[in-house]
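The residues making up each chain are set out below.
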Amino acid sequence: MTVRIKEWPGTALSSKDFETGRVLTVHHKPKAEYRWDAGVAIGRYLRELKEGRLIARRCNACGRILLPPRMFCEECFVPTSEWVFVKDTGTVNTFSICHVRWDMVRLKDPQLPAVINVDGASPGMGILHLLGEVRPEDVRVGMRVQAVWKSPEEREGAITDIKYWKPI
Amino acid sequence: MGKVAVVGAGMTKFVRRAQETGRELAWQAARMALDSAGMTLKDVDAVVIGSAPDAFDGVHMKGEYLADGSGGWRKPTMRNFVGGATGVFAPIQGWYHIASGQFDTVLVVCEEKMSSCHPHPQGAFLTIFDHTTERPLGPNLLWIFAIEMNRYMTVHGITKEEIALVAVKNKRNAMDHPCAQLGEELTVEDVLNSEIMAWPVNRLDVSPASDGAAAVVMCAEHVAKRVTDKPVWVEGVGWHLDTAYWTNRDLYYPRYVEYAARMAYDMAGIKEPRKEINIVEPYDPFDYKELHHLEGLLLCERGEAPRLTADGVTQRDGDLPVCPSGGLLGVGNPIAAAGLMKVCEIFWQLRGEAGKRQVPGTPKRGLAQAWGDLMQVGAVIILGR
Ligand SMILES: [Zn+2]
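Protein chains in written order, with our numbering: chain B, 2 to 169; chain U, 335 to 719.
These are calculated hints, taken from the structure and not from any lab test. Just so you know, these numbers come straight off a predicted model, no measurement behind them. Just so it is clear, CB atoms sit at the ideal spot from N, CA and C, and this is done for glycine as well. Treat the hints loosely; a few may be bogus.
[Said to hold, decoys possible] Below, a list of computed lysine-lysine pairs in the BS3-like style, where the Cα atoms sit at most 25 Å apart:
(1) K564/U with K7/B
(2) K559/U with K698/U
(3) K151/B with K88/B
(4) K690/U with K7/B
(5) K151/B with K109/B
(6) K109/B with K51/B
[Stated by the list, open to error] According to the in silico footprint, chain B covers these stretches of chain U (three or more CB under 8 Å from chain B):
(7) 338–348
(8) 352–361
(9) 393–401
(10) 499–506
(11) 581–590
(12) 694–706
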């Protein structure tokens with residue numbers, strides 16, 4: 002059947018169609034604001050970030066030390082068992098060198114998002130964060146890094162209390 | 335369970351920005367699918383709609399909004415959304431509507447109009463990241479793909495050149511697709527020299543945002559035998575979800591694809607997928623994803639997909655044609671419609687109706703796969719004649 006169809010529907014518009022006013026559109030700017038509760042596990046995680054520490058939860062059923070922490074183990078489906086402090090050092094599991102913002106505007110200095118496997122958490126328990134004090138071309142998978150914290154007065158109980166992770 | 339067939343398919347052109355509304359696009363694809371099956375809306379018992387986030391269109395409850403264009407008013411109609419996997423999950427939903435014995439004929443319609451969202455449809459994706467532990471870092475969607483691609487390259491020692499071959503192949507295949515947005519003849523150098531967005535991702539490693547719709551008609555065996563002498567049967571379906579703690583998984587391998595594939599292979603009685611699947615349409619919003627997914631589909635060993643590509647095995651005239659349609663990289667990526675476009679392609683290929691895109695050797699069995707959200711949803715459908 003498809004080979005017999007000569008005219009496929011769908012009309013492509015070009016920029017010119019808009020410039021010359023050939024197309025009518027309606028604009029709407031939604032105003033939506035949210036106030037998210039951090040929750041039980043992440044609430045404590047944020048409080049400890051304010052203190053300059055990283056905290057995880059251990060599940061005694063599977064033995065995993067979970068980061069970010071959660072109050073239930075999604076694999077064992079039981080409550081997790083106890084709070085465990087982990088280190089603020091780790092290893093770069095993977096990373097990117099990002100030159101654009103979400104709306105595709107080019108950045109002057111690239112961002113270095115990375116998955117960092119944190120020392121003290123179970124193997125493979127990475128978190129998303131940023132790298133700093135390193136030239137983009139020098140970043141490597143397997144690179145050892147340490148958190149660079151904001152000063153105690155600047156810290157507010159947020160993931161951004163760690164400014165970035167730098168090579169050690 | 336009753337046997338279920340696909341008996342008709344239709345789609346619109348995939349374009350950067352369509353004049354038509356989402357409802358108009360959905361209607362065009364739905365009507366073409368019904369016409370191609372020689373059926374009318376009166377023959378349809380139930381409707382399945384697939385569409386990605388409401389935020390793209392800026393329309394609340396998009397399923398309800400699209401329902402008239404999809405033939406769904408005054409019928410049992412439901413919309414599904416499982417991220418990028420939606421377009422392959424929608425016909426799976428159509429399948430269980432019919433296999434359960436509840437309905438004889440189901441119309442499945444997928445639509446996406448990404449151009450409405452300004453300044454860039456990526457804005458609609460930002461809420462995919464955890465609001466407390468990730469969003470304050472200012473992530474954008476490219477991060478996760480770049481991060482995953484890097485992990486895949488690093489673990490296997492794969493180069494960007496090897497991956498770029500996928501973009502070259504798919505964009506060339508798309509030149510033969512009448513609905514394609516980005517079919518073109520490119521070289522590996524063109525891909526490598528395109529603008530760097532988030533290393534290792536360059537602009538030509540990525541599929542474009544698009545507007546478009548696709549549809550299929552599915553029915554029970556007794557109806558299929560009445561309406562066509564070329565039914566294409568659903569032989570296997572599978573779907574799977576992995577954790578949203580995406581930084582707690584090793585991203586080099588898509589487990590959610592493997593589990594979805596195993597479910598579908600079991601149902602189809604397939605023991606050796608590499609020998610028993612003749613055509614594949616894996617989800618390819620990025621070029622590395624085609625390779626990643628071929629491995630997850632157990633169609634080659636882990637890390638081996640780049641070699642298959644370099645050896646020409648995945649070309650349209652190769653031993654295992656992959657994305658003969660041109661894929662998302664070439665035809666375009668209106669999310670849910672792109673996934674269903676892959677199912678349409680397998681349907682047309684198995685019926686020998688794919689025109690210039692027809693793969694040689696009268697293929698008997700094809701597989702379409704899509705993936706979504708934080709690299710966590712897998713959907714697989716296997717069709718055979
Ligand atoms: Zn556990």
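The hints, checked one at a time:
no. : hint               : verdict
1   : K564/U with K7/B   : holds, 21 Å
2   : K559/U with K698/U : holds, 18 Å
3   : K151/B with K88/B  : holds, 16 Å
4   : K690/U with K7/B   : holds, 13 Å
5   : K151/B with K109/B : holds, 23 Å
6   : K109/B with K51/B  : violated, 30 Å
7   : 338–348            : holds (count 6)
8   : 352–361            : holds (count 4)
9   : 393–401            : violated (count 0)
10  : 499–506            : violated (count 0)
11  : 581–590            : holds (count 5)
12  : 694–706            : violated (count 0)
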